[in-house]
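Residue-level listing of the chains:
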Amino acid sequence: MLREVAHRRGRAGAAFNLTFVDQETRLVFRSGLLNEDETSSALDQVGHLTGIINRIKSDSSTEPLGLIECSFDKKSDRWQDFHGFTLSSEKRAYTFDDANFKWVRLGDSPVNVKLKSADYKADGGKLVRVRLTEQDGLVKSVDLSGDFFILPEENLEKLEKTLLGSRLQSSDLQSLINRFFETTGTRGLGVKPEDFVKALLLASEAPGQ
Amino acid sequence: MKNAWRLLEVEYMDDPFRNLAVEETIPRMVGSGRSPATIRFWHNSNTIVLGCFQSADLEVDFDACKETGTKVVRRFTGGGAVYHDGGNLNYAISLKKGNSLVPGDDLQMVFRRLSEGTVRGLRNLGVRAEFQPINDIQVDERKVSGAAGSIRWDAVFHHGCILVGSDLAVLGKVLKVPVAKLADKHVQSVRKRVTTVRDELGRDVSTREVQDAIIQGIEEAYGVELEKDVMTSEEMVLADELFRTKYNRSEWNLER
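Read top to bottom, the protein sequences are chains A and B.
Just so it is clear: in the first sequence, position 13 is 77 by my numbering, and no numbers are missing.
Just so it is clear: in the second sequence, position 42 is 57 by my numbering, and no numbers are missing.
Keep in mind the hints are simulated off the structure, nothing from the lab.
Cβ atoms here follow ideal geometry from the backbone N, Cα and C, with glycine treated the same way.
Treat the hints loosely; a few may be bogus.
[As the list claims (entries may be wrong)] Part of the chain A face toward chain B, derived, beta carbon under 8 Å: (1) Ser209; (2) Asp211; (3) Leu220; (4) Leu253; (5) Pro257.
[Unchecked claim] The list that follows gives simulated cross-link-like pairs (lysine-lysine, BS3-like), each with its CA atoms no further than 25 Å apart: (6) A:Lys225 - B:Lys261; (7) A:Lys256 - B:Lys158; (8) A:Lys222 - B:Lys261; (9) B:Lys191 - A:Lys180; (10) A:Lys204 - A:Lys225.
For reference, chain B alone in the conformation it holds in the complex:
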């Protein structure tokens, strides 16, 4: 019998703070053994999600955020700032540490291995996606998906966002891109470094269609079966606590 992963579609589209609280809840519970291996799909309306080591002041154009109604939230994993809107699909994989897919303590290996399902899903759709170390999925040197993750709480955690049909014009406005970052990429702006599934396929694509393709990609890549389920009551309690004490606070989101 195939291994089963729980498939969660818990999301708070207009509350990125609650979304990120759930994002931390799942690996904590999976690591402690109280929840099964899980993949979660979710959306945010327009939001900047900062990496846990980033400076909000240095990365975010707050005037542009105000103008475009973009919120700013910090995640618990490292990596760079990303822009989410309804045209962006988020996925998060939480496995108990020691899972045979990702043995050991090598975060680079986690990114590589746990991007495979997504790469496969995108290819099934017709996008020539490739994993690009350290943590990107690219199409012809343009980023279509970025990942981040951690190994902690006795769990292996990998999450990523996929630009399906996001508004790249807003993305270019709300994120400040440091000159030093672009220096070795031979391109001038964040607009030119990224692409969307829609642009690659030359047609409108829903995030649902991409999600279905990734579910299939994951089942093929890892030999698992995804079973739709809901959060446990224990998870709801922890998510609520993390929302109140961490993700709904500007001390966490903006102070660094």
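Excised from the complex, chain A in its bound form:
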């Protein structure tokens, strides 16, 4: 069922986002800026894809996906870059391998992985050091270290695990880390939840290797 249409139109062409929603999944098509011919081809293909989306979704190798996103590639004239995200709290990310017609868990393949790092000195507090690998805007692995205090101590490792698969984006990180501190009863001295957010964002902005 089509739920949302958003579009922009200008001299250079038009762009649209189409969101289809059924019981479990939101399916989002992001066209990017297209000219008239490209737009009509993209729309034709949306029709075809929504017809086969159940086959794509039901690939048995994944957990149920709550969100599937894709974008249109003008050069190859096709929708591509299908990404799926699970609804579970770990928000695992998958990418669709259309050659083999199956979902591949992100992090299982080493493409587009960037190593990033940052040191962030908390205001009036301690140093938070982040070393992470990022894949398609998501945390693939992360090491948090520094001279702060966290009680109970075991929770730093749990926080690292919670961050896996999350988007390196301010609001996502903020709500995830705040919720982690609240639900686990974690207490910091010389470091607050927002210091971890700032340190992670600083790392995400760093040039990758």
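Let chain A serve as the given structure and place chain B on it in line with the hints.
Just chain B now, with coordinates in the frame of chain A:
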């Protein structure tokens, strides 16, 4: 009658791994009620002691360690890396949780309250020591002692090291100090941020003299009496187990 704390002088000067195993043993036993409130004094020969959340690779200059024969061990408490040598005095206070000196769950309060005895001891010696939050004791903005601690195993634990006459040149070499850490301190190096009791008093001071002053400071500050004793056999067994399974392993000391 005054409360009594056990005074332990158990140390393995050349085995920092065993020293740190004992360090974890005491609060575990005090928390479980099988050992009394305890203060331990001890030394390490040259060693870097990392905080439990620190990355060994990011903090330690391993080439300089090799050159100077410095070992690297990780403690179970947070906070920053410190350098120990024979001119550095370590103390550790383990109290059962709920002790009226440090009620509640506030680690900052623990650092403040359980630094008082040390501050008092240093002042008795003539050092103008002051507690500086979060976890330092300073003399004119230079650190002379750092503390760390935890509240766990039903115990309140606070330990600190006091630079009595340490070789600050080695300290500056073996620890990498991140630029971001110094950014707001208006000084350039770890050498300039720290001082020693010896430098403050302008004379040679033994760690024994400082220890005696701190014992007195603690007795005055908390109204307790320190009674010299030894580790229990139960503690020896646990310390040995922690040494074998944790502190003598590079998985614990170097992997983070």
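Each hint tested on the structure:
| no. | hint | result |
| --- | --- | --- |
| 1 | Ser209 | holds, 4 Å |
| 2 | Asp211 | holds, 3 Å |
| 3 | Leu220 | holds, 6 Å |
| 4 | Leu253 | holds, 5 Å |
| 5 | Pro257 | violated, 15 Å |
| 6 | A:Lys225 - B:Lys261 | holds, 22 Å |
| 7 | A:Lys256 - B:Lys158 | holds, 24 Å |
| 8 | A:Lys222 - B:Lys261 | holds, 20 Å |
| 9 | B:Lys191 - A:Lys180 | holds, 20 Å |
| 10 | A:Lys204 - A:Lys225 | holds, 10 Å |
Hint 5 from the earlier list is the only one contradicted by this structure; the remaining hints agree with it.
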